[in-house]
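S.K.: Read off the chains here:
2 protein chains.
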Amino acid sequence: MKDKSKRYCVIMCGGIGSRFWPYSRTEMPKQFIDFFGTGRSLLQMTYDRILPLVPAENIIAVTNERYADLVRGQLPDINPDNILLEPARRNTAPCIAWASRHIEAVCPDASVIVTPSDHLITREREFEKAISDGFNFVESHDALLTLGISPTRPETGYGYIQIGEAVTDNIRKVKTFTEKPNAELAKVFLSTGEFFWNSGIFLWSIKSITRAFSELSPEIAACFATMTPAAADYREQVVQAFSACPAISIDYAVMEKAANVYVETVTFGWNDLGTWSALYDNSPKNRDANVTQNCNVLAYNSSGNIFAVRGDKLVVVDSLKDYIVADAGDVLLVCPKAHEQEIKQMVNDAKIRFGEKFL
Amino acid sequence: MKDKSKRYCVIMCGGIGSRFWPYSRTEMPKQFIDFFGTGRSLLQMTYDRILPLVPAENIIAVTNERYADLVRGQLPDINPDNILLEPARRNTAPCIAWASRHIEAVCPDASVIVTPSDHLITREREFEKAISDGFNFVESHDALLTLGISPTRPETGYGYIQIGEAVTDNIRKVKTFTEKPNAELAKVFLSTGEFFWNSGIFLWSIKSITRAFSELSPEIAACFATMTPAAADYREQVVQAFSACPAISIDYAVMEKAANVYVETVTFGWNDLGTWSALYDNSPKNRDANVTQNCNVLAYNSSGNIFAVRGDKLVVVDSLKDYIVADAGDVLLVCPKAHEQEIKQMVNDAKIRFGEKFL
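Residue numbers (my numbering), protein chains in the order written: chain A, -9 to 349; chain B, -9 to 349.
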């Protein structure tokens, strides 16, 4: 059995989940919601999933400072020093740079899994096996490893990774990262067997990611590399770093530029819960092909809908086909699934009309 | 100026308004709701309308005992002795028989207007004039007078009154009462000019209505005629009377059988707020032909809808045409207006599935 004491996890949980508005709200984004009515939020499910893989004291949560109480409340077993509170929204690269520096200061030999907190993962045994294999790989290679999901449909909402030459059974060099494809291209991707969904779950050693930042995104490295977590003015350093650094994703800042990027192809069940339609497609349906997200529904002449309603509420619908019905107490959304791309605009319109109130 | 001291009003406010479920609820039926966001409930608007016509101390509210606190709270100026609490639901005839006996005991020479509490009336000056004329008529004739509304459309949801010979400019003998007609017949009714909507607003003297009950519905008269409001066991008498008497409407028990029935044809604006569609048809619409009942709505590709949402809530809809969207906090209904007749069945289904909780 491998020594796990130098394995760390960074859970990113600062997003606002605006595509799931109004179910996901600025004050209570989707990672904090008990999405499936299981009694555990997506963040808690993420934590539970990581716990067999990494010592509890090595789990770090990075979030926006406005969610400090939510994270503390939902993950009471996390060391408060391991809850990193971002003073500003700067996308994933600064988040990861900071967490990496935080870990480096206590354990320069660490290996790390970085994971979003708002994805659904099923078949957790396969997940555990995959992450163990990934740790072993990055502990013996100077590698930036990303997890690639075998695509099951020509999804246009995800980025894809094209695989290159094999290193092990499941781990290959990355040939290219691609942006979200159009429907035609997505079908080609699916048919070739060479393209995998980019999961946003990464593994690497602190040494490898630190070097990658220095070489590929020196402006970000400069903001975080000299931070000293033990210093009295650590918080000031953090505020200054976030104020100075650009908002940029880890994919763009590092992964797409690095030469030592690998993909581990995995088979566990995965859904990024990125859109209502994706959630609908991947959820169990009743006999009318409706998906009921944790609420009481009486549906007449209705099919293909997804109902997501907070609280103990009864929803009665007649003659709705392929709609999202989402109720968050003070906001109700009724919108065709096919129009879900418009939700961002609706949120903007709500902001113009009513200010922050309903965001 | 006529002496008004013997004029009384009976406001019937014990209904449950189930056709407006879930906006109207068992615990808060529609007459108690501030339907138009004016700050006054339909019941309060009824009271306000009557106040210029009848001395305040002569206004009597009859309701179910479960709504005692609602009526006391909404009509704080009514003498508590004038709030009559029905121990059981028995339709309008027992309600009116009791109220009539209650008035007779203190003023056997009274004249009375009996009115529902959940209708919308506009052009209140015309209303006042019509009621004054009606009082004058029933104070000088042995007459059971009902108010007939000039129909503006071939409505199939109302009962109609066919007019007979004229007695005054606006008051005529009633030739027939008719049940709700089908669409074809309703068009004929409208074209003849002989048919008026039965408003459910009545005027008569206590002597006339008491005699009518005795002669035409002796079984109801027997339950209430001997009641003595001053007696120590008055409440017991009430409970016994309601337990013994049949549930029957005043139309069926008296109006359709009586020989001395008259109709005053009136021109004030009137809507019985009986169905969502009727409310929609008679409400101001925005430029997308949506009706917004006291709530914030962002509507995209949507028209012909009626939105009735309690509380300070934002409703965002896309691609809804001709729907009812009603939200009462713990129940949401989304249903085509054309299916509103199904709402009663939906309420039944909700009862079977969830008990009384959402009624």
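These aren't lab readings, by the way, just hints derived from the structure by calculation. On a predicted model such as this, the values are computed, not experimentally measured, just so you know. Warning: the hint list may mix true and false statements.
Which copy is meant is left open, so a pair is good if it fits within one copy or across any two.
[Unchecked claim] The list that follows gives simulated cross-link-like pairs (lysine-lysine, BS3-like), each with its CA atoms no further than 25 Å apart:
(1) Lys341 <-> Lys275
(2) Lys347 <-> Lys(-6)
(3) Lys177 <-> Lys(-4)
(4) Lys(-6) <-> Lys247
(5) Lys303 <-> Lys163
(6) Lys247 <-> Lys165
(7) Lys177 <-> Lys165
(8) Lys247 <-> Lys275
(9) Lys(-6) <-> Lys334
(10) Lys341 <-> Lys177
S.K.: Would you list, in rising numerical order, the hints stated earlier that this structure does not obey?
M.R.: 2, 3, 4, 5, 8, 9, 10
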